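A.B. asks: Here are the chains, one letter per residue:
Number of protein chains: 2
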Amino acid sequence: MSEPQTPDWVRDAVFYQIFPDRFARSDRVPKAAGLQPWGATPTIHGYQGGDLLGVSERLDYLEDLGVNAIYFTPVFQSASNHRYHTHDYSKVDPMLGGNAALRELLDRAHERGIRVVLDGVFNHCSRGFFPFHDLLENGQESAYIDWFHVEDFPLTAYHPDQPANYACWWGLHALPKFRIETPAVREFLWGVARSWIDFGIDGWRLDVPQEIDDDSFWREFRRRVKQGNPDAYIVGEIWGDGSRWLKGDMFDAVMNYIFTRACITFFIGKSLQRRHLEPEPLRDAQPADAREFAAQIDRMRGLYHPNVNAVLMNLLGSHDTARFRTLAGGDTSAVRLASLFQMTFPGAPCIYYGDEIGMEGGHEPASRGAFPWDESRWDLSLRDDIRRFTRLRHDEPALRRGSFETIFAEGSVFGFLRRLGDDAIVVLLNAGQDERIVTVALPKEIADGTMFADRLESGAIRLESGALRSVRVGPRSGRVLAAEARR
Amino acid sequence: MSEPQTPDWVRDAVFYQIFPDRFARSDRVPKAAGLQPWGATPTIHGYQGGDLLGVSERLDYLEDLGVNAIYFTPVFQSASNHRYHTHDYSKVDPMLGGNAALRELLDRAHERGIRVVLDGVFNHCSRGFFPFHDLLENGQESAYIDWFHVEDFPLTAYHPDQPANYACWWGLHALPKFRIETPAVREFLWGVARSWIDFGIDGWRLDVPQEIDDDSFWREFRRRVKQGNPDAYIVGEIWGDGSRWLKGDMFDAVMNYIFTRACITFFIGKSLQRRHLEPEPLRDAQPADAREFAAQIDRMRGLYHPNVNAVLMNLLGSHDTARFRTLAGGDTSAVRLASLFQMTFPGAPCIYYGDEIGMEGGHEPASRGAFPWDESRWDLSLRDDIRRFTRLRHDEPALRRGSFETIFAEGSVFGFLRRLGDDAIVVLLNAGQDERIVTVALPKEIADGTMFADRLESGAIRLESGALRSVRVGPRSGRVLAAEARR
Chain A
1 MSEPQTPDWV RDAVFYQIFP DRFARSDRVP KAAGLQPWGA TPTIHGYQGG
51 DLLGVSERLD YLEDLGVNAI YFTPVFQSAS NHRYHTHDYS KVDPMLGGNA
101 ALRELLDRAH ERGIRVVLDG VFNHCSRGFF PFHDLLENGQ ESAYIDWFHV
151 EDFPLTAYHP DQPANYACWW GLHALPKFRI ETPAVREFLW GVARSWIDFG
201 IDGWRLDVPQ EIDDDSFWRE FRRRVKQGNP DAYIVGEIWG DGSRWLKGDM
251 FDAVMNYIFT RACITFFIGK SLQRRHLEPE PLRDAQPADA REFAAQIDRM
301 RGLYHPNVNA VLMNLLGSHD TARFRTLAGG DTSAVRLASL FQMTFPGAPC
351 IYYGDEIGME GGHEPASRGA FPWDESRWDL SLRDDIRRFT RLRHDEPALR
401 RGSFETIFAE GSVFGFLRRL GDDAIVVLLN AGQDERIVTV ALPKEIADGT
451 MFADRLESGA IRLESGALRS VRVGPRSGRV LAAEARR
Chain B
1001 MSEPQTPDWV RDAVFYQIFP DRFARSDRVP KAAGLQPWGA TPTIHGYQGG
1051 DLLGVSERLD YLEDLGVNAI YFTPVFQSAS NHRYHTHDYS KVDPMLGGNA
1101 ALRELLDRAH ERGIRVVLDG VFNHCSRGFF PFHDLLENGQ ESAYIDWFHV
1151 EDFPLTAYHP DQPANYACWW GLHALPKFRI ETPAVREFLW GVARSWIDFG
1201 IDGWRLDVPQ EIDDDSFWRE FRRRVKQGNP DAYIVGEIWG DGSRWLKGDM
1251 FDAVMNYIFT RACITFFIGK SLQRRHLEPE PLRDAQPADA REFAAQIDRM
1301 RGLYHPNVNA VLMNLLGSHD TARFRTLAGG DTSAVRLASL FQMTFPGAPC
1351 IYYGDEIGME GGHEPASRGA FPWDESRWDL SLRDDIRRFT RLRHDEPALR
1401 RGSFETIFAE GSVFGFLRRL GDDAIVVLLN AGQDERIVTV ALPKEIADGT
1451 MFADRLESGA IRLESGALRS VRVGPRSGRV LAAEARR
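One line per chain: the protein sequences are A and B, in this order. My numbering puts the first residue of the first sequence at 1, with every later residue one more than the last. My numbering puts the first residue of the second sequence at 1001, with every later residue one more than the last.
These aren't lab readings, by the way, just hints derived from the structure by calculation. Computed from a prediction, not measured in an experiment: that's the story for all the values here. Mixed in with the good hints there might be a few duds.
Claimed, not checked - One-sided and incomplete, this derived list gives chain B residues near chain A with beta-carbon spacing under 7 Å:
(1) Ala1033
(2) Leu1035
(3) His1045
(4) Gly1046
(5) Tyr1047
(6) Phe1130
(7) His1133
(8) Ala1143
(9) Tyr1158
All residues carry an ideal CB built from backbone N, CA and C; glycine is no exception.
Isolated chain A (complex conformation):
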């Protein structure tokens, strides 16, 4: 198989993940009567009334933060606040403003060069999704009898005291699993994927795609999507090794939870609040030193082709995890340091909404709080730093598209070099509580005498005898040193 081709724009992307019910509300979208107050403690059920016009009205905020791509958790009509229980794949939820709101958002975002990726839930649907509803209402006489895996009738869909007598995701009555081998089901789902690409979205994040254990389904999925937009980004929710899907014939990338896990082990380290380590793939994360962290990073990078590594969605957390700050027991330095790593590492960083202002929250539903638009509640220092890091990434092509070499890994300090043409950038991250003074050898192609300017603070360091010598790295801090010769 030829090497995987992945969308070029993702190499330059800084994503922001939005949980639509909780990011922003617009007065232009009529509000249902039964809403919880904005900012209420998140609960399993219940809405707080965020909408897509609210996002459209906050594009200044996102642009200022350095964001140029948005990944939305599902926006389609659904009777769940996270909207993973799809009721209608053809409609943006009316509470979010309907299809017209997505139209406006896409147009305004695209005007600013901001891309939009939606979340597709294709393994299962909700109990209210029309073909399943037809089974509920008609039993054996349903027209859609071959769309699901039914054991017997009547369905126990709304009898929580009885096991589901049809296949569903994780045994949850609410989530009937599609019978993917049925041609009408395949055509339906491919049609959904294509129709929203034609509507103008820039890609799909795929929910639990490994549950559809059928590579021919995903190959045709890719074909239909790329036919509509060759630049569309297809990123699967695969928590572990995604190589099966990343040969170039299925997905472009995965949500890189291996990255998340590595960041937890190193940047949080001993502060890790184990009770928040959910879901299962994160549970055995252990505090790691720089050497162990380097080994994790090395293994991770070895899994995929460089064209894939360049577009992995590198995230510190999501709607499916506790927030990074909360995992760190409230320590914002962990968020700061990990964000600096994220913004200087190959792959597309993805900021979980609100992490940049210091929002906290354990595993769902706690991590899905409403964004507080009152700035007095923000950690402005953290926000400013993360904004500096995103801008640095945008300013330095080597951080987005350069090669990656680990050049230092001892104790609490991890260091790496990014190179692109004549550009060379050294990043040093100290996860420890004490200042470290390190000497970092660089490859000999970089000439002695080269000045490395500090890109976060002032000052510069000269390369001497092949090394940057006695470089101070403050406690819980990082340095970004860029070779000046190239300028």
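Dock chain B against the given chain A, drawing on the hints supplied.
C.D. replies: Positioned in the frame of chain A, the structure of chain B alone reads:
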């Protein structure tokens, strides 16, 4: 209040009522796997796969029959074969071909001057309708808590062994009643009504509108609909006296089941199969002679303004009754004779699909059989007669727009005069088993010597001393005699 203004075109309309799952199938609409065979004995549940492109492909048939308006029972997405359980008001059911099929049908029908009226179910929805589904999934935390009348949670929607703990139509769990006083609900329903008018439909037939006991709702409904299309026809399903809604501020007309009932009593008479007399408003129908029939017609005509009488939907049966032929124990002469009355009487006739070819069927679901497109199964003689009657109606403005006077009502013979300008048409209908020879006095404005030509057979009769004398009316037959002077 000023006199009611009703759509002019309805005065010239001959409607054909179509039950979409059972009229015609097109190869262009993909068929679901779980369909019953076309022509299977109708059952409560289960689909036979009729669709709107099938109708579009049969417009020649309808046009040839003299039809220039179609009333469809519901076409919106629904998990019931009759589609009265609305799942999505914004979508034509995918099995019917979706919105695109309605688009084609409307365009092709309009090219031929055929109007299309849809069925609107606004009192209640289905259990799968999105806001109700939201209640099912979220309970107290639902955003749509004020859209329905809920007594307590959890809802017993899918617990047929328990009474429904929310208001629903006739206590049926499947049909939650809207809380019509909620502003969001009103706006939603008005929006639905308007959106399909804007799409191009020619009117709404309203399902059980008296269940929405709120005239202000219907007044605004009319305002929105007529704002979209001043010619739109609004016809309510009111089985009895509809005068409350027919003052000009709510509906234009009602489905005229008083007409149906009268026709059953006289044209079927003693052959009436009482076991098929459903639903309740028909149950006490008794065989009537011409005098009793005349009284029924007279009372009926006195209920409403002439502008309303001119556009009432006069039907012999519908999806909600047994077929007229079946009520008559299979006697096609009853269908023939009543159809002649229907086509010569003021108001818009409505043919229930298949009645014209002699289809049979008791009360639902039996009356909802699949139309047999194999002509060898048709009663061609009946079809040809009904076609003659519709053409006669189209040929004779007096039959559509003329005044109505009962001029004869004795024993088995009922006669009436339709006049428009100089046109005068005498209709004589003999419901008896024996030939009758009658003498019919006409108003003195019609000059002696006027020749009345037989418009169904050959021959003519001369008006002598103010009367048509010794007019033979065959058993179970009718005569239509049109004054020739005017020509």
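A.B. asks: Next step is simple, just say for each hint if it's right about the structure.
C.D. replies: Status of the hints after comparison with the structure:
1. Checking B:Ala1033 against chain A: minimum C-beta separation of about 4 Å stays under 7 Å; hint holds.
2. Because the closest C-beta pair between B:Leu1035 and chain A is about 6 Å apart, less than 7 Å, the hint holds.
3. With 7 Å as the threshold, the beta carbon of B:His1045 comes within range of chain A, its nearest partner Cβ sitting at about 4 Å, so the hint holds.
4. With its C-beta approaching chain A no nearer than about 4 Å, B:Gly1046 sits inside the 7 Å limit, and its interface hint holds.
5. A distance limit of 7 Å between C-beta atoms decides the matter here; for B:Tyr1047 the minimum to chain A is near 5 Å, and the interface restraint holds.
6. Taking 7 Å as the C-beta contact cut-off toward chain A, the hint placing B:Phe1130 at the interface holds, the least distance being around 6 Å.
7. For B:His1133, the interface hint holds, since its Cβ comes within 7 Å of a Cβ in chain A; the closest pair sits about 4 Å apart.
8. With a least beta-carbon distance of about 4 Å to chain A, the hint placing B:Ala1143 at the interface is held under the 7 Å criterion.
9. Checking B:Tyr1158 against chain A by beta carbon gives a least distance of about 4 Å; that is within 7 Å, so the hint holds.
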